[in-house]
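Visitor: Protein chains in written order, with this note's numbering: chain R, 1374 to 1691; chain C, 1374 to 1691; chain S, 1374 to 1691.
Don't read these hints as lab results, they were simulated from the structure. Here the structure is a predicted model, which means the values were calculated and not measured. Even glycine gets a Cβ: it sits at the ideal position worked out from N, Cα and C. Wrong hints could be hidden among the right ones.
Below, computed lysine-lysine pairings styled on DSS-like, alpha-carbon distance capped at 27 Å [stated by the list, open to error]:
{"id": "1", "chain 1": "S", "residue 1": "LYS1610", "chain 2": "R", "residue 2": "LYS1472"}
{"id": "2", "chain 1": "R", "residue 1": "LYS1397", "chain 2": "R", "residue 2": "LYS1532"}
{"id": "3", "chain 1": "C", "residue 1": "LYS1421", "chain 2": "R", "residue 2": "LYS1420"}
{"id": "4", "chain 1": "S", "residue 1": "LYS1397", "chain 2": "S", "residue 2": "LYS1562"}
{"id": "5", "chain 1": "S", "residue 1": "LYS1420", "chain 2": "C", "residue 2": "LYS1420"}
{"id": "6", "chain 1": "S", "residue 1": "LYS1420", "chain 2": "R", "residue 2": "LYS1420"}
{"id": "7", "chain 1": "R", "residue 1": "LYS1449", "chain 2": "C", "residue 2": "LYS1472"}
{"id": "8", "chain 1": "S", "residue 1": "LYS1472", "chain 2": "C", "residue 2": "LYS1532"}
{"id": "9", "chain 1": "S", "residue 1": "LYS1472", "chain 2": "C", "residue 2": "LYS1636"}
{"id": "10", "chain 1": "S", "residue 1": "LYS1421", "chain 2": "C", "residue 2": "LYS1420"}
{"id": "11", "chain 1": "R", "residue 1": "LYS1534", "chain 2": "R", "residue 2": "LYS1562"}
{"id": "12", "chain 1": "R", "residue 1": "LYS1421", "chain 2": "R", "residue 2": "LYS1532"}
Just some of the chain C residues that point at chain S, by a computed CB distance under 7 Å [stated by the list, open to error]:
{"id": "13", "residue": "ILE1418"}
{"id": "14", "residue": "THR1438"}
{"id": "15", "residue": "SER1442"}
{"id": "16", "residue": "LEU1446"}
{"id": "17", "residue": "LEU1669"}
{"id": "18", "residue": "VAL1672"}
{"id": "19", "residue": "THR1673"}
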Amino acid sequence: MANDVQLSADGKLQHLLHIEGLDKTLLTQILDTAESFFNHADGSIVKKPVLRGRTVANLFFEDSTRTRSTFELAAKKLDADVLHFDVKGSALSKGESLKDTLQTLQAMHIDMFVIRHKENEIPIYCAELVGPRTAILNAGDGNRAHPTQALLDAFSIRKHKGGFEDLTVTIVGDIRFSRVARSQIAVLKTLGVKTLRVAGPDSLLPEDVSAMGVEVHRNLDDAVSDADVVIMLRVQKERMDSDLIPTTDAYFAEWGLTPERLKLAKADAIVMHPGPMNRGIEIASEVADGPQSIILDQVTNGIAVRMAVMSLIMSGRH
Amino acid sequence: MANDVQLSADGKLQHLLHIEGLDKTLLTQILDTAESFFNHADGSIVKKPVLRGRTVANLFFEDSTRTRSTFELAAKKLDADVLHFDVKGSALSKGESLKDTLQTLQAMHIDMFVIRHKENEIPIYCAELVGPRTAILNAGDGNRAHPTQALLDAFSIRKHKGGFEDLTVTIVGDIRFSRVARSQIAVLKTLGVKTLRVAGPDSLLPEDVSAMGVEVHRNLDDAVSDADVVIMLRVQKERMDSDLIPTTDAYFAEWGLTPERLKLAKADAIVMHPGPMNRGIEIASEVADGPQSIILDQVTNGIAVRMAVMSLIMSGRH
Amino acid sequence: MANDVQLSADGKLQHLLHIEGLDKTLLTQILDTAESFFNHADGSIVKKPVLRGRTVANLFFEDSTRTRSTFELAAKKLDADVLHFDVKGSALSKGESLKDTLQTLQAMHIDMFVIRHKENEIPIYCAELVGPRTAILNAGDGNRAHPTQALLDAFSIRKHKGGFEDLTVTIVGDIRFSRVARSQIAVLKTLGVKTLRVAGPDSLLPEDVSAMGVEVHRNLDDAVSDADVVIMLRVQKERMDSDLIPTTDAYFAEWGLTPERLKLAKADAIVMHPGPMNRGIEIASEVADGPQSIILDQVTNGIAVRMAVMSLIMSGRH
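Put together the whole structure using the sequences plus the hints.
Guide: This is how it looks when you write it as structure tokens:
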């Protein structure tokens, strides 16, 4: 199984491809390491030169300024050199295969690749190809996995709620096509969330949703009731342009998180979103900017979590 | 007024949005600080790690290799980490608002944004949004302001002329649509230039030119006569494609700085241009490359001036 | 001659524009310096901060992710600051001449330009323009020269074969339009390769091939027989789209390096390729990935050789 590729024989993290196969101890170690990068006096993130002399390369086959920037910032806070590959202008467009490109970059003694690709399992393929000498970090592949997003979400929940065991967490929206939702479910189940709910229109629930081991809701009011954490997912443009969603107004009426609906959750519930948000489609601005929103704090935590993954992988290689 | 946003309660520089509102003492402090970054033995710019651990992000909504590069070099000479945002590929093109983008980047603990935008006052909006915790540097907005260009021009004049009080400075060309001209006029008036002249065809003078507190000339020979400093502005391509300018040949005949016309200025007059130049349109090559031109020195000075602004803003935040 | 521009009065390297004019002593010094950057314990490349405080600017008028990245990595391993100029978005597209752009960048106190251009001799023009104060490194111009590629090839041959004097080296493919072939021939002749062969279809041999001082073969079996080194060149897309090549299948049948043909070479012959490869056109995958291929090692060596050139040029300036 793919687990083998992510972990060394003695259980050390070698690549980060998906949450599946990582146990509670390892996930907790990642969150604790992320915690250690914060200066608790002022909430800032500390610079630690543990990747000094190392090179991290970004290979983004899909645009993502936000994810690319937080990986870059994380690498620089660890004092790594960072290379960007504009994959559109690269040898791939001259007909060189992904395999040749990766092996060529590996021959440049790059230590870590951060890869985003629109096709599922490309990062697994890459990890199998490069072997343990070079690390692969999945920054999102197809609709399959986005492990650092899920880890930063778990970190954010623990930071604001103290743990996972007593929580009801609700994930709302496009569960079907969302790599974020898939990775969130995996991480939160492993970390022991008591009640994990997903909610969305039938058209955006996966066919195998009943096998996911989560409560399925087809009504937002029910899904949000007494929740400790409400995670709203982005409605992708492709979904709006398809028949899967009626109109954005109708979507907001049925599935948008409004201040009224949020009142159904616990009084101290927190609201999360992976960004970028569609205000007025999946979330009302009053909620996005309101006191229960920790959406901007998620961004900050994303840097520390990515630093944690990078430093753990690199320390595991010695 | 916008002054409030740029300055802290005790008068320290927090953002640089425009020249208006900055007094002679503060402008002189910026020029003196820029001076301190030069190694006077060989004219080189010294590396000073005063922004070590800080992150500067470039947000250029308009192309400008020259301005972007000098800001990047300035930041690196101060040992900051520099992030580039290709704003075209960013979340803004996914419908995320500028507000969400800025707040997201701020949540990444970026210390300073360098912003260029084709619309007026966007940097003011950004400064009001991010507050004093994050600094905004205006790298040019619409036809309103380009404060670092004006500061480097002032620095260059002081370096070559020793001061401002006795000078006649002439600015020639597209005064109407030029953010550079507007900021130059503001900085040179505050620094006490004795005679400040603007000159250009009627179509390129602003309607309120008589209220600008400068001498207005509609003839280049008159405008240049006995000047100590002649600043030629770039004729933008948009202007050439419009009816505002007859032909480039006709423009050069009437408004181009030729060796003959330059003889009307003082014998030791200097010639400046913000670049990139249109040789043979606003300036003759013999003048651009001649002994009175300090055009390339302006580029060098631009790095020191941007270092000065960045380091003053950062020191004002502690 | 152009030699003068590359070398200072006392024979130090000031620019790297082409191999012609560099003698065996200097070429050997470059290879020895590259050697010194390797950690022989693990084959890694050592970080040496000899360009700390220096700025290297990439000016790529043609795309080349591979070459650009190795230059960038080389510069960062020497602790230089690296600037990228997206030349398409730059002042050049606003009508500023190459001369003004270079002089402007030089005024930013950039120490070294790495230039790739589709026109021949542009790097020579640039070196003459900027003078000895700023170094020009040719990263490939037109079909004329690609000196760092040729140097890394020579380095790779010496590393695997111990020297040059007893070798038979065969270069196969598009000799006519290849800057790589031209520079390889120059470097290998100067370093004393005993037998240097070129081979390719008549349509891809230069008209003056008989004057190049190499053995010319019009049959791949003959060309490869008893060779110590076989260098396969890339068939450019432009060539495939022209009449110069019949079909890629026909090309492979006649000029592709297959395992069978490689058996005609010496038993310990090595196979090289500058990349990116067209598998199944100029080279069979079994050969590219086989035990005699050193194609990925060439990539690694390219970083050390570029570090060597950069550090020698910079040390020559003091």
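Visitor: Output the numbers, in ascending order, of every earlier hint that fails for this structure.
Guide: none
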